[in-house]
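Enquirer: Residue strings, one per chain:
Protein chains: 2
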Amino acid sequence: MPDQRRLAILAHEKFPDRAKTALGVMRYSDDETVAVIDRDAAGSRVHDHTDTVPDAPIVGSFSEIDDEVDALLIGIAPIGGGFDESWRPDVTAALEAGVDVVAGLHYFLNEDEEFATLAAEHGAEIHDVREPHPGIGVAEGKSDEIDAEVVLTVGTDCSVGKMTATCELVDAAREAGIDAGFVPTGQTGIMIAGWGNPVDRVVSDFTAGAVEEMLLEKGDEHDVLFVEGQGSIVHPAYSAVTCGILHGSMADKLVLCHEAGREVVHGYEDTELPPIPEYVDLYESLAAPVHEAEVVAGALNTKEIDDDDAAREAVEAFGDELGGAATDPVRFDPAEIVDEIVGER
Amino acid sequence: MPDQRRLAILAHEKFPDRAKTALGVMRYSDDETVAVIDRDAAGSRVHDHTDTVPDAPIVGSFSEIDDEVDALLIGIAPIGGGFDESWRPDVTAALEAGVDVVAGLHYFLNEDEEFATLAAEHGAEIHDVREPHPGIGVAEGKSDEIDAEVVLTVGTDCSVGKMTATCELVDAAREAGIDAGFVPTGQTGIMIAGWGNPVDRVVSDFTAGAVEEMLLEKGDEHDVLFVEGQGSIVHPAYSAVTCGILHGSMADKLVLCHEAGREVVHGYEDTELPPIPEYVDLYESLAAPVHEAEVVAGALNTKEIDDDDAAREAVEAFGDELGGAATDPVRFDPAEIVDEIVGER
Chain V
1 MPDQRRLAIL AHEKFPDRAK TALGVMRYSD DETVAVIDRD AAGSRVHDHT
51 DTVPDAPIVG SFSEIDDEVD ALLIGIAPIG GGFDESWRPD VTAALEAGVD
101 VVAGLHYFLN EDEEFATLAA EHGAEIHDVR EPHPGIGVAE GKSDEIDAEV
151 VLTVGTDCSV GKMTATCELV DAAREAGIDA GFVPTGQTGI MIAGWGNPVD
201 RVVSDFTAGA VEEMLLEKGD EHDVLFVEGQ GSIVHPAYSA VTCGILHGSM
251 ADKLVLCHEA GREVVHGYED TELPPIPEYV DLYESLAAPV HEAEVVAGAL
301 NTKEIDDDDA AREAVEAFGD ELGGAATDPV RFDPAEIVDE IVGER
Chain E
1 MPDQRRLAIL AHEKFPDRAK TALGVMRYSD DETVAVIDRD AAGSRVHDHT
51 DTVPDAPIVG SFSEIDDEVD ALLIGIAPIG GGFDESWRPD VTAALEAGVD
101 VVAGLHYFLN EDEEFATLAA EHGAEIHDVR EPHPGIGVAE GKSDEIDAEV
151 VLTVGTDCSV GKMTATCELV DAAREAGIDA GFVPTGQTGI MIAGWGNPVD
201 RVVSDFTAGA VEEMLLEKGD EHDVLFVEGQ GSIVHPAYSA VTCGILHGSM
251 ADKLVLCHEA GREVVHGYED TELPPIPEYV DLYESLAAPV HEAEVVAGAL
301 NTKEIDDDDA AREAVEAFGD ELGGAATDPV RFDPAEIVDE IVGER
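Chains V and E, in that order, give the protein sequences.
Numbering follows our numbering, in which position 335 of the first sequence is assigned residue number 335; successive positions increment by one, without gaps.
Numbering follows our numbering, in which position 130 of the second sequence is assigned residue number 130; successive positions increment by one, without gaps.
Since the hints were derived computationally from the structure, they do not count as laboratory data.
Using N, Cα and C, we set each Cβ at its ideal position, and we do this for glycine too.
Computed footprint of chain E on chain V; a stretch qualifies when at least three of its residues, placed anywhere within it, have a C-beta under 8 Å from a C-beta of chain E:
| # | region |
| --- | --- |
| 1 | 129-142 |
| 2 | 235-241 |
Chain V stretches covered by chain E per the calculated footprint, using a threshold of three residues with CB under 8 Å from any CB of chain E:
| # | region |
| --- | --- |
| 3 | 191-204 |
| 4 | 268-282 |
Chain V with its partners taken away, still in its complex shape (with noise of 0.2 Å):
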């Protein structure tokens, strides 16, 4: 597959507004979007919808798409992750063309036979991001030993938007000069970066190992690594994935990243969120037995306060309760905590 991939985005019904992995990847890949696969919005254009990705023509199948594409993405997810039949179309007319499948469903597009036996007739590739390759074992303890200064999201909760500030850090600090690389450990993440080991997927015991591998792989390419984190240290079902990427990660600096107004973990109304300062002692605390790390800045999402200078207040007060930078980095300039994060190389 070539360096900046052409792909055409499955997202039927639901682009934009139920289409995150669509829009993610749409913002944040190097890849080219060559067309939306809606049969909702067909004859339309993206711009026609949404002004926070690059345009593309919206059509209503795969056979519709004029232009050469390399792999066909599926953009959405149905709740419980299953594989919509309505899109079995697609799919096929994509294998039959010889382009590959990248999905992230619970359901494997592998194993089913229909699809497995077209991509083999017509040498495409099925891409299932979330399923773990084989080879991932258990941490050796080396990720400190590549030459990348590696710098992890790790958040108050799940859903704060960990993945967003990761991919907006390392699009600032393109733009300051900086050669910066991500790493991802979510679906989303995966095929946004096209590659990845989907670490709340593998093994329990090979959480770190799975992280520690991306790293060793990447870690001599760039001069600063982005890790996308996942979960939240205190969080009652996800803390096991947070902790293996923190000590699998070796990470030298900490962004803390945060949702204004979240004081209970999402989904788990019993549990209140600690203060700021205690995920910042947290954090450290855990991280320093195994690698020395520091909380150097914050990101706050405010997508839920409306005005914007009540936005900037809070990013302040965000900033001073964890003694580092702060902003949103959507609503504001991500750049303002770049400095902070790698000024002192």
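Given the coordinates of chain V, work out where chain E should sit on it, guided by the hints.
Expert: Coordinates of chain E only, in the frame set by chain V:
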């Protein structure tokens, strides 16, 4: 399967010194061992070799066992966790007799065509205890809703004796008249208990969920549940599992396990163990946002100390460092710390 199983334990060429799983099951399980199978020691008895476990005859093959058997348990593991073909006649003889087979190998006996066929033909079950059942999912944060008090063993490192300490504490608590249950999390613990989830083998996102499922299942059957811990919260490779067990169990009390003289992480000699008080702070501060837990006692493995007086001194120093009662539950009396652990009920 009956509550107390009659076991035949396979330990060819390795009993007793290189058969740790066999010895663990014989020492701590409620099951009765009717025979050990070891072709090198055939004709002798267990007590000719060790008096740390109940006596039993040693035979050369499964077909030489006179008594009735409920299950054949594989009590040894070659490096790598493979299946040794020299064991095949014993496994087939057991299955042909309708006897269940219990194994903790990486090689799943259920996926061996001959074994699967024989098991189906003769109504025997194969339990690959390292294979998680497919229903394990995300934790719901409900372990604190059970009636039982939850005591979790946590460690300064891997292989410091957490499973042994947990089993000794369960036995000592029962001797003190306490209705205590054992919640296993690893393969030997599962073989001892005859049930349980291999927490280190589940999907990383389900680590806490695999523990919670067990606690919800057993939570109303006992007054105190002793949960077997894994790894260490500062282990470069395995901390994810440790963290998932800590939050998934929502433990009330923690017992810190350590091996006297251990100064660096086993197998990761670049990583020094932090001081004992730092472990106490880390475990308690990490647990608190999900469920308050207190390190109330310590279990020190003193097997590397020859002299009993020196071992006693090491135990007392360890207790001082962690701020609670301490013992070596194998060398001395586990009852020494049981009061401190469950005394407040």
